[in-house]
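Hey, can you piece these two chains together into the complex? The hints should help.
Protein chains in written order, with the numbering used here: chain A, 1 to 494; chain B, 1 to 214.
Calculated from the structure, these hints are not laboratory results.
Backbone N, C-alpha and C fix where the C-beta goes; we use that ideal spot for every residue, glycine too.
Incorrect hints may appear among the rest.
Simulated coverage check for chain A against chain B, where a stretch passes if three residues somewhere in it have a Cβ under 8 Å from a Cβ of chain B [to be verified]:
#1 20-34
#2 148-156
#3 161-170
Derived pair list, reagent style PhoX-like, types lysine-lysine, alpha-carbon separation capped at 25 Å [unchecked claim]:
#4 Lys211/B x Lys159/A
#5 Lys347/A x Lys119/A
#6 Lys211/B x Lys305/A
#7 Lys211/B x Lys302/A
#8 Lys347/A x Lys408/A
#9 Lys159/A x Lys7/B
#10 Lys168/B x Lys158/B
#11 Lys9/B x Lys159/A
#12 Lys408/A x Lys364/A
#13 Lys211/B x Lys9/B
#14 Lys408/A x Lys360/A
Listed below are the residues making up each chain.
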Amino acid sequence: MVLLLLSSGLLLGWSLGANDAANVFGTAVATRMLRFRTAVTYCSIFVILGAVISGAGATDTLGQLGAVNALGGSFMVALAAALSVVWMTKAGLPVSTSQAIVGAIVGWNLFTGSQTDAKALIEIVSSWVASPILAGAFAALFYAIARRVIERQPIHLLKLDAATRVSLIVAGAFGAYSLGANNIANVMGAFVPAFPVRSFHIAGVFSLSMRQLLFMIGGFAIAVGAFTYSRRVMMTVGKGLFRLTPVTALVVVLSEAIVLFLFASQSLESWLLSHGLPAIPLVPVSSSQAVIGAIIGIAIVKGGKGVRYTILGRIAAGWATTPAIAAVIAFVGLFFLQNVFGLTVAKPEPYAVTQSVLHKLEQKGVPGRQLDALTRLRFGNARSFERALDSDTELTPEARALVLEYAKSDSFYISPRLIGSLDHSILNEAQISAIAELADSSFSHEWQFREALARISPAWRPPAMESPGEAGTRPFEIRHVLDTFRVPLRRPSG
Amino acid sequence: MPRLFEKTKILESQLDEYLNHTSEVGLLLLEAIRDYLAGRLEAFESRRRQVSELEKHADRLRHDVEHELYVETLIPESRGDVLGILEETDEVISAAKVTLEQFSVEEPDIPDELSADFLELADYGNRAVQELVMGIRAYFRTSTSVTDYVHKVSFWEKEADKVGERLKRRIFRMDTDLACKMHRSDFVWHIDSVADQAEDVSDRLTISAIKRSI
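Here chain B stands alone, though its shape is the one from the complex (with noise of 0.2 Å):
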């Protein structure tokens, strides 16, 4: 028995480190991208790289924790969803990191007068992991307060799109060949993503919250 209650407390810690990686991707993704279109590259390449480090090791961590519940058959009522929300949540950092690789491969040319807009798409984003991450964190715990989040994670993701569709159009407005409004408008796609991402896992939080609830 000891054992057992042992084993749950590291499960805990290695869940709480997924989470707490999560959330840093998604305050790094808002700093890379204020980097960027400050023209900061070194400092977005080195902000870069942590998000890809971030997302090997919450990829070894959410191994680790799915082989456990596993092997140990733990929270066996709840584990199909524990483990459906870890993978959803891997999508949602996958989606900051091939952003943030994009932008170091492609170097799109933003000018000025767009980047207060990719700016502002970024930080709702960015909320909307954060919010997330209080979610699953209030799953685990009380199952009672993740509609709060969840609320809140629809509502940031809502307003990146209005930003995201603001943008669009300011883009395919300007006065450049179809070739540069095109990647800029996917460079839109792709950090409008993350939002969307996180929207998808916290749809399936509110399931698993009814479902945990005894």
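Bound conformation, chain A alone (with noise of 0.2 Å):
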């Protein structure tokens, strides 16, 4: 059943793989540079690598977007985007796989009532804006260092070739480490909240989570898709649209992979903000418009004749179709899913204004008898939550964002047995301690449980956090707890 749910997960892998192998290795193989086993052999190798090893940060922005958190649901959030590209592609428009599967989570959002968090999805967009005006940037830089040497240093013919051809290889090697890094959220990020989070040894040389095998199968399942049915697109990439000379396709392919990576990079990320710069979001990006954005920004270079510039428009009307597209799909999908087959498409996540929360919110500096309307109530979802804080409350933007943050419930029962079970490759010692130390206890809010964690022990604070209160940052680990101590709830009637 497992495997089937995953299946359509799968297909997206599947489709990506086909299309977008080809931004990578396309004008290499196209131009005879690379031969297509070659080409789609480097390809598979790090697109699974870039997957495994990096794909975790564009799958959390997905995550922050909507967490699908049940298998039926993620089945159905992949399916919506999938069928979307398909569509959209038989129809001729531009697509991307990462604009799809953003539109089937606002979608399921939309269906089971749950939050669409704003900054996210603001963040996601933007960057879908600047990912083709940084590959294009970047192009340009680069085109314009190329011509300047190859046209001040006297390089054979022959040489220039042979010194092509192996960046073509390095560079299409890194091309496809970033996709997988960065796009690797679109095929699996929405099946990674629905499984719980262990680590998997193998042979026991290496362990790998569960999240790094699900990306590892979608890693296999783009690499299937490269294998079979990217030749054609190659061709077309490589020669239909545009013609490049072997130089220039390096430029773009160059531009390319750097944009993917800097959306997809956590350490990259953190190197930035420990710096005191401003981080580049973590977001699943179009690795088709960063090749049209590179091609422009060399055209640009060139003098700009030749540029069809009707092509921004219309990758700009794609921004906002294909999400559209895709949510009304996924909308209408979890619809027959649920009612028709009676699958699970979401867990309930529900909002309740408890005693503690109160003293939460009162500590924060939101007066509690603003929200006594609310407090013998449960509501089953944000959407219900919601609209009785507007109908019944005046709360500022900000007060009212805490409200809603702090009164999901949860519940969470520290089972002395659970504690056995937890693994060690995941946790630390001090981690475990911790959470001992927390036996029998109970929590109804997440928040709860991560603050007595990170008030006991330091192992559950971040680094940067000097005194204990706050939930931790650590994102992977807390997960791992939460899923092993959550007590399932019941759908409530209100």
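And the structure:
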């Protein structure tokens, strides 16, 4: 059953491999600089490595947008994205898997009444606009440098050819790695929250987390797509749309790879933050649009002749239409899946204003009396709670956001039996002993549990945090703990 | 990867050798005709044999380069152009070889009063070949300077044409029989064909250089 439900994600992975492998190695294959088999072999290896090693960043952002927490929902979200990609491709419209999956997740949020994180959504959409522009800027710069070097340094045609060939393989491998790191979120992002956090030990040599295992499966699906169907797309990308010389092809691939990497690298993000620089959001972006941006960047340096600027309008239109179509398909599909096939498409996410919530909000400066009318009610999802907040209270937007954050209910019981089953490859000894101190406690909100952990041990606090009290930002470890001790909630009637 | 760079190095030196041969053929053509006109027939024959040997070797080099370029799928974008340039350059070498062979076989009677013009014609042919070789070398390294050499090839070809026309007029105004006139005129055409062939290659070189610019 799990495999059947994963199939839509695998289909999405396959179509990504068939289409986007061409963005990485298409020009190299079409200009006969590389053999198809060599190209897809490199592509597959590096896509899988990128997905498993660096796939987490962009996936977390999708998780913030909407954590699809039941496998039935994940299946439909991925299927809706895949269907909209197929549909729009058939209609000859520029389409990106990244945009389709975001629309589908928003569709799931709408159907289940979950909150759509506006900040995450704005971050994602602005990255879509920024990625082709950035790729264009990189390409223009690299092209100008390459032209200057080639004109000033007499490099023999054959030597240049050999160097370009090697560089195309290196840049292609980097591109494939970045593609895996950035776009695995599209393929498996919707499935990650639906699976418990566990780790798997392979031959006692290395271990993979559940998330990495999912990414590896998704990576294989992308590789299969590249092997089975990308040759034709490569020929179209490399020859049909735009005629590139091997050197310009190299510039395009390199620019695209850097852009995908920038929007996927957690290490770069932490480096920027540690140097007081603004971080680049980790968001799945479209590799095709980065390629088009890069080609336009080169064309502008060349004098701007022959650039079809209408294509930019079509891309911009795709930023709106693709998510809208995917959201509609996801919404309708989820309705059928839940009501016709009786599948669980979302786990309940109830909201309640308990005494502890009121106390916490008072601490944060939100007066509790404003919420009196809501204290004895339980709400089935974010939408009904938000409706009640809007009709019964007059909160400022900041206070409203705080209420939404703290009133989200959950249920945790720190069973001594389950403490023994915690995964030692995910958690360290200090973290586990902190949990052991909480044995037999219960929590009705996630933040309560996080705070209790942060109070007990510095191992549960982020490194920069001096004082205990706030919940730590150790998403991977905390999710494992939350998944282990969560008591399944019944769907409330209110 | 090191194999790729090693192959590239070998091919580079083969191409250089091929171009050296072409240049030498141009120089030998001039010297051989100088010898012939001065009546130094033995020296002429020795130079003619040298040209034949160079032509054979250049042919082998060209085949090897072509074979390697195809088998290793090197320079896929410029391969057609490079092979075209090499094949047409071969025609320049052949034109020089055939010219000297004709001199050797037919032993045309060239009076002293025409010697200077014949020598000038051969000189311009040689100059066109030398500029062509420089142009091809530039094509392989910096495509932007190709036009400088192509322009000079064209200049020397036109100069050769002028001398050729002048020579033919003088030949046909001489007081000899028509067969002799035709015979001498035929040799003007032979020597002139070297510069003509060089110009054909340079035309192709111009287009290829434009295509090569990134």
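Hint check:
| no. | hint | result |
| --- | --- | --- |
| 1 | 20-34 | holds (count 3) |
| 2 | 148-156 | holds (count 5) |
| 3 | 161-170 | holds (count 4) |
| 4 | Lys211/B x Lys159/A | 18 Å, holds |
| 5 | Lys347/A x Lys119/A | 23 Å, holds |
| 6 | Lys211/B x Lys305/A | 16 Å, holds |
| 7 | Lys211/B x Lys302/A | 14 Å, holds |
| 8 | Lys347/A x Lys408/A | 13 Å, holds |
| 9 | Lys159/A x Lys7/B | 10 Å, holds |
| 10 | Lys168/B x Lys158/B | 15 Å, holds |
| 11 | Lys9/B x Lys159/A | 8 Å, holds |
| 12 | Lys408/A x Lys364/A | 16 Å, holds |
| 13 | Lys211/B x Lys9/B | 23 Å, holds |
| 14 | Lys408/A x Lys360/A | 13 Å, holds |
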